[in-house]
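J.: Could you build the full structure based on these sequences and the hints that come with them?
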Amino acid sequence: MTEPMTTLEQRLSAALDARAHQVTEADLGPGEVPDPERRGHRPLLILAAAACTTLVIGVPYAVAQIHNAQSPQRPPATAPPTPTPTAPGTGEGADWPIATVGRIDLDGDGTDETMRLRTDPTVSLNPMGYTRARLEVSLPEGTVYTVFGNAPAYHLEDPVDIPGSKGQELLLGVGTSLEVFSLVDGELKQLEAPADPPLMRRTDKEGRSVTWVADQDGLATVRSIAPVPATDGDVAVQRWAWRVSGSTLVPGDSSTGCASVLDLGTVVSCNAVGDQSLSPVDLPSFPMSVDVHTFITVDHQPVTARLIPRAGLAGDFVAAGDVRLEATVGDHTWQVDLPAGGVPRLYDRGVLTTYGYDRGILVGREGIDGETFQVFYFIDGQLVMLDVPHTKPYLATSSGDAGSPLAGMRTWMHGSRLYTAYGEVRNGQNVYMWELDGTALKPTLIGTYCFDQDQVGHPC
Amino acid sequence: MSTTLVAFGPAVRVEDLYAQHRLSLVRLAMLLVDDVQSAEDVVQDAFAGFVSKANRLRDSEAALGYLRVSVVNGSRSALRRRRTARAYIPPHEPDRPDPSDHAVLADEHREVIAALKRLAPRQREVLVLRYWSGLSEAEIAAALGISKGSVKSTASRAMDALESLLTSTKEAQR
Chain B
735 MTEPMTTLEQ RLSAALDARA HQVTEADLGP GEVPDPERRG HRPLLILAAA ACTTLVIGVP
795 YAVAQIHNAQ SPQRPPATAP PTPTPTAPGT GEGADWPIAT VGRIDLDGDG TDETMRLRTD
855 PTVSLNPMGY TRARLEVSLP EGTVYTVFGN APAYHLEDPV DIPGSKGQEL LLGVGTSLEV
915 FSLVDGELKQ LEAPADPPLM RRTDKEGRSV TWVADQDGLA TVRSIAPVPA TDGDVAVQRW
975 AWRVSGSTLV PGDSSTGCAS VLDLGTVVSC NAVGDQSLSP VDLPSFPMSV DVHTFITVDH
1035 QPVTARLIPR AGLAGDFVAA GDVRLEATVG DHTWQVDLPA GGVPRLYDRG VLTTYGYDRG
1095 ILVGREGIDG ETFQVFYFID GQLVMLDVPH TKPYLATSSG DAGSPLAGMR TWMHGSRLYT
1155 AYGEVRNGQN VYMWELDGTA LKPTLIGTYC FDQDQVGHPC
Chain C
115 MSTTLVAFGP AVRVEDLYAQ HRLSLVRLAM LLVDDVQSAE DVVQDAFAGF VSKANRLRDS
175 EAALGYLRVS VVNGSRSALR RRRTARAYIP PHEPDRPDPS DHAVLADEHR EVIAALKRLA
235 PRQREVLVLR YWSGLSEAEI AAALGISKGS VKSTASRAMD ALESLLTSTK EAQR
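Protein sequence lines, in the order shown, are assigned to chains B and C. In terms of our numbering, the numbers along the first sequence are unbroken and rise by one, the last being 1194. In terms of our numbering, the numbers along the second sequence are unbroken and rise by one, the last being 288.
Careful: at least some of the hints might be erroneous.
[Stated by the list, open to error] Once the Cα atoms are required to be at most 25 angstroms apart in a straight line, the calculated SDA-like pairs of lysine to any residue come out as:
#	chain 1	residue 1	chain 2	residue 2
1	C	LYS231	C	ILE260
2	C	LYS231	B	THR741
3	B	LYS923	C	ASP130
4	B	LYS1126	B	GLY1142
5	C	LYS231	B	ALA748
6	B	LYS1126	B	ASN1164
7	B	LYS1176	B	MET1147
8	C	LYS284	B	THR741
9	C	LYS231	C	ASP274
10	B	LYS1176	C	SER267
11	C	LYS231	B	ALA754
12	C	LYS231	B	THR740
13	B	LYS1176	B	CYS1194
14	B	LYS923	B	SER872
15	C	LYS231	B	GLN744
16	B	LYS1176	C	ARG271
17	C	LYS231	B	ASP761
18	C	LYS284	B	ILE1180
19	B	LYS1126	B	TYR1081
20	C	LYS284	B	THR740
21	B	LYS939	B	ALA975
22	B	LYS1176	C	ALA275
23	C	LYS231	B	LEU742
24	B	LYS900	B	PRO1036
25	B	LYS1176	C	GLY263
26	B	LYS939	B	PRO928
27	B	LYS1126	B	ARG1144
28	C	LYS231	B	ALA752
29	B	LYS1176	C	SER278
30	C	LYS231	B	GLN756
31	B	LYS1126	B	LEU1072
32	C	LYS231	C	GLY263
33	B	LYS1176	B	THR740
34	C	LYS284	B	ARG745
35	B	LYS1176	B	ASN1164
Bear in mind the hints are in silico, worked out from the structure with no lab data behind them.
T.: In structure tokens form, the structure reads like this:
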């Protein structure tokens, strides 16, 4: 996903990058780790620095020469450093905005390294999320990066410990597929995996539903044995647990079981299905509370969120009472109660609402008319539900019923920002971007767009 | 897909940190103080202070974070010293851009950098850390020792001020 910056932000980012890159290694004096005992004796340098403020950095060689002449504490020349692994901030995409940050113990030494996913800031209103991305991991020896070409929706998943390797593995979602990276012989490598069983989350050509599951046991692929029904229910599945063997992923022998169409990754013994005495209160039609490991971080720590219905159910809807949203960061848990109404859905993608800072938690409420959305934001240490306007456009998506209050409305996420298309203008629709305004979300009209058959928006 | 691979080796040493991060830290300092020589001094100072703490910082990311904070603080001190030292410069000595600057920095970039220099130091720090270093709000807050709320509001005001300066520059050129 891309993170569209405003024009001013793009100008600023480009100017800073251009200015910074005026300084190269050749412009710096011979470098050596300084002796701490020599700090503080700099009266000559202070005045020298002041005098040099009239000089412009646009003449780097001249500045370097003056610096060498006026810096008696400059250490003697040393041999240039040996070629190092890529330094942070270099290479294609190094200046792209960071979309996601995560932590991974890639080398298995018990210490986490930082992994970052940066996305190309080219503005492109594309609900499918086509973009380029750069994946980088900061290893002790330097930063390794990989730049990906155009593809939909790159996203960094939580790392997982797959048996067969020393450390954790890095999971990168590429569209509906999953790519796995591991440290092999001291190098970060994408592990080769066979085409079958697949590592993806989608319905295959045979109509079978496929998903992958990453948990404390490792990484597994689960696939329904037969095409899945359109509605919910239980299906027979096959499950393969993956293991690392050198630079490849190898599936283990498959096991069979049963799983809900709505939660294919939770495989249980088929004998268990149908044995329980069910009632709408005892067994809700959606999981009671499932931890969703979001792509949101606060102070480098991931946010885990969960929805907890606190009422009885009627059919698929929360009929009475409320739903509680819990968000946990480290040892701290925040709680916010949501009113009843609609099937609640927790999204693992955070929502950006301002200048590319922290993300908010997105919760959807699905009902007969469509789905409405709520965003929860960390503001001054509190988890706050952002107010949304009660006039159109709503932060919602219509189910298609022309007579419903949500008719003609479509909301999607692109580059972690929320957009709503609404109304018919000429052959297109007005598109609004949702932005933070205090503790509220406000729609800002960004233009009239016509959408093609691939749902790519172009100015009309 | 192109992949840059790196060989994994023993734990990082200060010398390795210096070799890997010196240039980027000098660039960071330079964006804050707009002077390569001062920027080099700030970074040398930061590493000098870091040497004594290196044994207690095993995590290279924490080390980089520490160095970054030192560079930001050092840059702020350098600007303060510069303002003090400027009192001793004869008032008839004007600030004059070097004509060759036009050749190395595009006009539109120079306008933005000139406007950035006119922002308050804290505002400049927040924008540089956000739009060049690519830090998150939490990382910026940690680097500057302020709350995330302050980072948000400072960034907002800084962007407003920057836009206002660039607009008035454009109007003055008409």
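J.: Hints first: check each against the structure and report whether it holds.
T.: Verification of the supplied hints:
1. C:LYS231 with C:ILE260: holds (21 angstroms)
2. C:LYS231 with B:THR741: It holds: about 20 angstroms lies between the C-alpha atoms, which stays within 25 angstroms.
3. B:LYS923 with C:ASP130: Holds, at roughly 23 angstroms.
4. B:LYS1126 with B:GLY1142: Roughly 11 angstroms between the alpha carbons, so the hint for LYS1126 of chain B and GLY1142 of chain B holds.
5. C:LYS231 with B:ALA748: Distance ~16 angstroms between LYS231 of chain C and ALA748 of chain B Cα, so the pair holds.
6. B:LYS1126 with B:ASN1164: With a Cα-Cα distance of about 12 angstroms, the restraint between LYS1126 of chain B and ASN1164 of chain B holds, given a limit of 25 angstroms.
7. B:LYS1176 with B:MET1147: Given pair LYS1176 of chain B, MET1147 of chain B holds - Cα atoms ~15 angstroms apart, limit 25 angstroms.
8. C:LYS284 with B:THR741: With a Cα-Cα distance of about 16 angstroms, the restraint between LYS284 of chain C and THR741 of chain B holds, given a limit of 25 angstroms.
9. C:LYS231 with C:ASP274: Holds - the C-alpha atoms of ASP274 of chain C and LYS231 of chain C are around 14 angstroms apart, at most 25 angstroms.
10. B:LYS1176 with C:SER267: holds (18 angstroms)
11. C:LYS231 with B:ALA754: Holds - the C-alpha atoms of ALA754 of chain B and LYS231 of chain C are around 14 angstroms apart, at most 25 angstroms.
12. C:LYS231 with B:THR740: Roughly 21 angstroms between the alpha carbons, so the hint for LYS231 of chain C and THR740 of chain B holds.
13. B:LYS1176 with B:CYS1194: At roughly 24 angstroms apart (the allowed maximum being 25 angstroms), CYS1194 of chain B and LYS1176 of chain B satisfy the hint.
14. B:LYS923 with B:SER872: Roughly 14 angstroms separates the two Cα atoms, so the pair holds.
15. C:LYS231 with B:GLN744: Holds - the C-alpha atoms of GLN744 of chain B and LYS231 of chain C are around 18 angstroms apart, at most 25 angstroms.
16. B:LYS1176 with C:ARG271: Holds, because 19 angstroms separates the two Cα atoms, which is no more than 25 angstroms.
17. C:LYS231 with B:ASP761: holds (22 angstroms)
18. C:LYS284 with B:ILE1180: At roughly 24 angstroms apart (the allowed maximum being 25 angstroms), ILE1180 of chain B and LYS284 of chain C satisfy the hint.
19. B:LYS1126 with B:TYR1081: holds (23 angstroms)
20. C:LYS284 with B:THR740: With a Cα-Cα distance of about 19 angstroms, the restraint between LYS284 of chain C and THR740 of chain B holds, given a limit of 25 angstroms.
21. B:LYS939 with B:ALA975: Satisfied, since the Cα-Cα distance of roughly 22 angstroms is no more than 25 angstroms.
22. B:LYS1176 with C:ALA275: With Cα atoms ~22 angstroms apart, LYS1176 of chain B and ALA275 of chain C stay inside 25 angstroms; holds.
23. C:LYS231 with B:LEU742: Distance ~16 angstroms between LYS231 of chain C and LEU742 of chain B Cα, so the pair holds.
24. B:LYS900 with B:PRO1036: Holds - the C-alpha atoms of PRO1036 of chain B and LYS900 of chain B are around 23 angstroms apart, at most 25 angstroms.
25. B:LYS1176 with C:GLY263: Holds - the C-alpha atoms of GLY263 of chain C and LYS1176 of chain B are around 19 angstroms apart, at most 25 angstroms.
26. B:LYS939 with B:PRO928: holds (17 angstroms)
27. B:LYS1126 with B:ARG1144: Judged against 25 angstroms, a Cα distance of about 12 angstroms means the pair holds.
28. C:LYS231 with B:ALA752: Since the Cα atoms of LYS231 of chain C and ALA752 of chain B sit roughly 15 angstroms apart, the hinted pair holds (cutoff 25 angstroms).
29. B:LYS1176 with C:SER278: Holds. LYS1176 of chain B to SER278 of chain C sits at ~23 angstroms (cutoff 25 angstroms).
30. C:LYS231 with B:GLN756: OK: LYS231 of chain C and GLN756 of chain B at ~17 angstroms, within 25 angstroms.
31. B:LYS1126 with B:LEU1072: OK: LYS1126 of chain B and LEU1072 of chain B at ~22 angstroms, within 25 angstroms.
32. C:LYS231 with C:GLY263: holds (23 angstroms)
33. B:LYS1176 with B:THR740: holds (17 angstroms)
34. C:LYS284 with B:ARG745: holds (14 angstroms)
35. B:LYS1176 with B:ASN1164: Measuring from Cα to Cα gives roughly 15 angstroms; hence the hint holds.
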